[in-house]
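Whole structure, please, built from the sequences with the hints as guidance.
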Amino acid sequence: MAIEVRIPTILRSYTGGAKVVEGAGDTLGDLLSDLDSRHAGLRGRLITDAGALHRFVNVYINDEDVRFLGALDAKLADGDSVTILPAVAGGAFGFAAAAAISQHSGTAAARAAVAAR
Amino acid sequence: MLSIERSIIDAIVAHARRDHPDEACGVVAGAIGSDTPTRHIPMDNAARSMTFYEFDSMEQLRVWREMDDRDEEPVVIYHSHTATEAYPSRTDVSFAGEPGAHYLLVTTREPDSEEIRSFRIVDGVVTEEPVRIVEAGVDPHAVQSYMFGQSPATVDYECSDR
Chain P
1 MAIEVRIPTI
11 LRSYTGGAKV
21 VEGAGDTLGD
31 LLSDLDSRHA
41 GLRGRLITDA
51 GALHRFVNVY
61 INDEDVRFLG
71 ALDAKLADGD
81 SVTILPAVAG
91 GAFGFAAAAA
101 ISQHSGTAAA
111 RAAVAAR
Chain E
118 MLSIERSIID
128 AIVAHARRDH
138 PDEACGVVAG
148 AIGSDTPTRH
158 IPMDNAARSM
168 TFYEFDSMEQ
178 LRVWREMDDR
188 DEEPVVIYHS
198 HTATEAYPSR
208 TDVSFAGEPG
218 AHYLLVTTRE
228 PDSEEIRSFR
238 IVDGVVTEEP
248 VRIVEAGVDP
258 HAVQSYMFGQ
268 SPATVDYECS
278 DR
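Sequence lines, in order, name chains P and E.
Position 64 of the first sequence, counted from 1, bears residue number 64 in this note's numbering, the numbering being contiguous throughout.
Position in the second sequence (first residue = 1) + 117 = this note's numbering.
Treat the hints as calculated values from the structure; they're not laboratory data.
By construction, the Cβ of each residue, glycine as well, lies at the ideal position given by its N, Cα and C atoms.
Do not rely on the hints blindly, as some may be mistaken.
The calculated label-pair distances, taken between Cβ atoms and stated as ranges, are [as the list claims (entries may be wrong)]: (1) R156/E / D78/P: 32 to 38 Å; (2) I250/E / G79/P: 45 to 51 Å; (3) E245/E / K19/P: 29 to 35 Å; (4) D49/P / G217/E: 27 to 33 Å; (5) A24/P / A253/E: 49 to 55 Å; (6) I158/E / D63/P: 14 to 20 Å; (7) R165/E / A2/P: 36 to 42 Å; (8) E246/E / T48/P: 30 to 36 Å; (9) E202/E / E64/P: 37 to 43 Å; (10) S13/P / R179/E: 32 to 38 Å; (11) R123/E / T9/P: 40 to 46 Å.
Covered by chain E, per the in silico footprint, the following chain P stretches (three or more residues, Cβ under 8 Å) [stated by the list, open to error]: (12) 58-67; (13) 72-80.
Following this line, the structure appears as structure tokens:
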């Protein structure tokens with residue numbers, strides 16, 4: 001089962017410079033493990049020590065943000081296209097980031113609720 | 118060094134003023150490898166915060182794909198600080214994921230003047246760089262030539278300092 005994965009500039013050191021690689025897996029988590037077997041270290045840049053998708057990246061399956069599809073449990077099918085982008089974020093105060101992040105998950109939940117309607 | 122047209126800087130400042138006191142953010146795209154920002158794309162601050170900014174992930178996907186289709190890359194990624202100086206915070210550094218981009222910061226803390234600074238952020242290391250503002254209509258890479266037979270009064274000889 002082939003899934004096309006688009007790699008951002010900052011992670012191409014793990015793919016020998018390749019912009020697009022192929023992988024396999026029934027879920028996003030499986031796919032990242034499969035990719036890591038050929039591109040060692042890539043998974044570690046996308047997943048935290050706690051085993052969740054990293055805050056600093058956005059991952060999309062086709063046109064959807066995987067945060068709305070179950071994150072690492074998001075289902076994949078043959079021919080899907082996965083895009084990885086660095087999240088673009090920041091701001092004036094380091095210590096305010098935690099609050100903003102929790103606010104973001106609230107926003108994400110609200111958006112997911114809207115999408116489910 | 119970042120070279121950027123005055124009209125783009127003016128548009129970025131106007132965006133930052135418009136969204137003040139919330140932080141504003143966006144991108145200036147340019148042809149891959151050109152290091153020349155040409156297309157200003159103001160982005161929504163999905164965090165709508167005075168101390169944090171974040172691109173909306175769906176808008177980002179659309180804009181990044183569009184750049185891809187046009188053989189462009191994010192030459193400049195900008196945001197505003199609305200109460201502090203234009204210097205990258207620890208949050209800015211930990212998120213900085215485009216090693217090729219110029220990270221432009223503008224502060225709107227003073228109502229009448231802006232501070233604009235540019236940084237490279239690579240592997241957590243912040244390096245400030247000079248910003249050269251280029252007047253519109255002047256191609257900074259053009260070779261200047263004197264057109265014989267034309268009156269200097271009707272020819273714009275303004276050029277960059279290269």
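Hints and how they fare:
1. R156/E / D78/P: 32 to 38 Å: Given about 36 Å between the Cβ atoms, the range holds.
2. I250/E / G79/P: 45 to 51 Å: Taking Cβ atoms as reference, I250/E and G79/P lie about 47 Å apart, which means the hint holds.
3. E245/E / K19/P: 29 to 35 Å: This hint holds: roughly 30 Å between Cβ atoms.
4. D49/P / G217/E: 27 to 33 Å: holds, 28 Å
5. A24/P / A253/E: 49 to 55 Å: holds, 51 Å
6. I158/E / D63/P: 14 to 20 Å: holds, 19 Å
7. R165/E / A2/P: 36 to 42 Å: Holds: the Cβ-Cβ distance is about 40 Å, inside 36 to 42 Å.
8. E246/E / T48/P: 30 to 36 Å: holds, 32 Å
9. E202/E / E64/P: 37 to 43 Å: Holds, at about 38 Å.
10. S13/P / R179/E: 32 to 38 Å: The hinted range 32 to 38 Å is violated for S13/P and R179/E, with Cβ atoms some 27 Å apart.
11. R123/E / T9/P: 40 to 46 Å: This hint is violated: roughly 28 Å between Cβ atoms.
12. 58-67: Three-residue rule met by the stretch 58-67 of chain P, so holds; n is 5.
13. 72-80: This one is violated; 0 residues, fewer than the three required, reach chain E with a Cβ under 8 Å.
Checked against the numbered hints given earlier, this structure breaks hints 10, 11 and 13; the rest are met.
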